[in-house]
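*Asks:* Given next are the chains, with one letter for each unit.
Number of protein chains: 2
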Amino acid sequence: MDYYSSQITKLIETLSSLPGIGNKSAQRLAFHIVNMPQEQVNTLVSAISEAKKNVQYCKKCFTLTDQELCPICSSTKRDEKTIMVVENPRDLAAYEKTGKYEGLYHVLHGAISPMLGIGPNDIKLKELMKRLSEETVEEVIIATNSSLEGETTAMYISKLVKPTGIKVTRIASGVPVGGDLEYIDEITLLRALDGRVEL
Amino acid sequence: MDYYSSQITKLIETLSSLPGIGNKSAQRLAFHIVNMPQEQVNTLVSAISEAKKNVQYCKKCFTLTDQELCPICSSTKRDEKTIMVVENPRDLAAYEKTGKYEGLYHVLHGAISPMLGIGPNDIKLKELMKRLSEETVEEVIIATNSSLEGETTAMYISKLVKPTGIKVTRIASGVPVGGDLEYIDEITLLRALDGRVEL
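Taken in sequence, the protein lines are chains A and B.
With our numbering, the residue at position 109 of the first sequence is 109, and numbering never jumps.
With our numbering, the residue at position 28 of the second sequence is 28, and numbering never jumps.
So here's chain A without its partners, still in its complex pose:
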């Protein structure tokens, strides 16, 4: 691609190595960046550098934070007897957006996947068990994804936690709100049937 200058080519290559950014988007972004006012470029560069420099795992729940403890773990208003286990910080954010969950979280940073060679020791599972032995937890809500890996992880955690006597629950699987039965896959339909509740 010598019809671009080498600096542009390098920027395009670097950008297209990011997830979800293909070659076309990278080109578009690169030209946009070059045409941005210097001030905006500085903001972008410093946002990236600062986030990388200061963001780390929360010592307790392992979500990303720029403090020792994340705002949720350090809050005094949360119900410390409940821990919701999620795969990643985005899932935590998804539940926080509902504004209804008042317990704490535990971020695994992944799910068990024999296919990808990710075992129980590659995710923050030991850390979860350590928390359960140190804190006074009454319920562990497993909110891993409803995928093969998420389900495997849920099963694994439930087997680990049950012997401790702590209640283990799994978020419900079924027809999403607004979902049209006609377009929903059979497994979900069967799950929804199995999980039916009395009205």
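For the record, the hints were derived by calculation from the structure and aren't laboratory data.
All values reported here derive from a predicted model rather than from experimental measurement.
Hints should not be assumed to be uniformly reliable.
As the list makes no split between identical chains, a pair holds if one copy fits it or if it spans any two.
Stated by the list, open to error - Below, computed lysine-lysine pairings styled on DSSO-like, alpha-carbon distance capped at 27 angstroms:
| hint | residue 1 | residue 2 |
| --- | --- | --- |
| 1 | Lys24 | Lys130 |
| 2 | Lys126 | Lys10 |
| 3 | Lys10 | Lys24 |
| 4 | Lys77 | Lys100 |
| 5 | Lys10 | Lys53 |
| 6 | Lys159 | Lys53 |
| 7 | Lys126 | Lys167 |
| 8 | Lys24 | Lys59 |
| 9 | Lys97 | Lys60 |
| 10 | Lys59 | Lys126 |
| 11 | Lys24 | Lys60 |
With chain A's structure known, arrange chain B on it following the hints.
*Replies:* For chain B alone, kept in the frame of chain A given last:
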């Protein structure tokens, strides 16, 4: 969004101000960046800063380059009697990728759009006319987009250039190769009909 750390929130906001990056992609990118090795983050940051610092318009054709003249304008192998007029550097790159065009380019950096308040003076049109009066050009190929703005710009340029006696041509508009007539809009079909060539 105080369930993320402020640095992450800031990075997400900055990223989502870029074109084609919505809030979900920005979240995904931000978490990816925070988890990238420091070295890769440095590469990304320096690619952005360096491109912004060093890339400028080619003095002759106004494409983006880190030299005084772009590789195409400074090449001795190009046919200097032909200038292809394009809206932006990505369009130039699209034609360069064909490897078949041997002339020079002129990048307008936009198209005339009364709707968006972009007039002839807002694009590199005076600069084109200056080149035509100084260089020995025999043909101007107008390769602006086949949109309302692109067509308007093509008409405008053709009216400006014709009195100088230089040949003005427009790239063909018609059914794209591999295109299925059934799915092609009527205007394109009529254009293709109007532009039919003898076999």
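*Asks:* All the hints need checking, so say for each whether the structure fits it.
*Replies:* To see whether the hints hold, each was checked on the structure:
Taking CA atoms no more than 27 angstroms apart as the test, Lys24 paired with Lys130 passes in neither setting, with 46 angstroms inside one copy and 32 angstroms between copies. When the C-alpha separation of Lys126 and Lys10 is checked against a cutoff of 27 angstroms, the pair qualifies neither within a copy, at 41 angstroms, nor between copies, at 32 angstroms. Taking identical chains as interchangeable, the C-alpha atoms of Lys10 and Lys24 lie at most 27 angstroms apart whether they share a chain (14 angstroms) or sit on different chains (26 angstroms). Only within a single protomer do Lys77 and Lys100 lie at most 27 angstroms apart by alpha-carbon distance; the minimum there is 13 angstroms, versus 68 angstroms between protomers.
For the homomeric pair Lys10 and Lys53, the shortest alpha-carbon distances inside one copy (23 angstroms) and between copies (13 angstroms) are both at most 27 angstroms. Proximity of Lys159 and Lys53 under a CA criterion of 27 angstroms is satisfied in neither setting, with 38 angstroms inside one chain copy and 56 angstroms between copies. Taking identical chains as interchangeable, the C-alpha atoms of Lys126 and Lys167 lie at most 27 angstroms apart only when both belong to the same chain, with a minimum of 18 angstroms there against 75 angstroms between chains. In the homo-oligomer, the alpha carbons of Lys24 and Lys59 lie at most 27 angstroms apart only across protomers (26 angstroms), although the nearest pairing inside one protomer, at 40 angstroms, exceeds that limit.
Proximity of Lys97 to Lys60 under the C-alpha cut-off of 27 angstroms is restricted to the intra-copy arrangement: shortest distance 21 angstroms within a copy versus 53 angstroms between copies. For the identical chains of this complex, Lys59 and Lys126 are intra-copy neighbours only, at 13 angstroms inside a copy versus 61 angstroms across copies, given an alpha-carbon limit of 27 angstroms. In the homo-oligomer, the alpha carbons of Lys24 and Lys60 lie at most 27 angstroms apart only across protomers (26 angstroms), although the nearest pairing inside one protomer, at 41 angstroms, exceeds that limit.
In the structure shown, a violation is registered for the earlier hints numbered 1, 2, 6, in ascending order.
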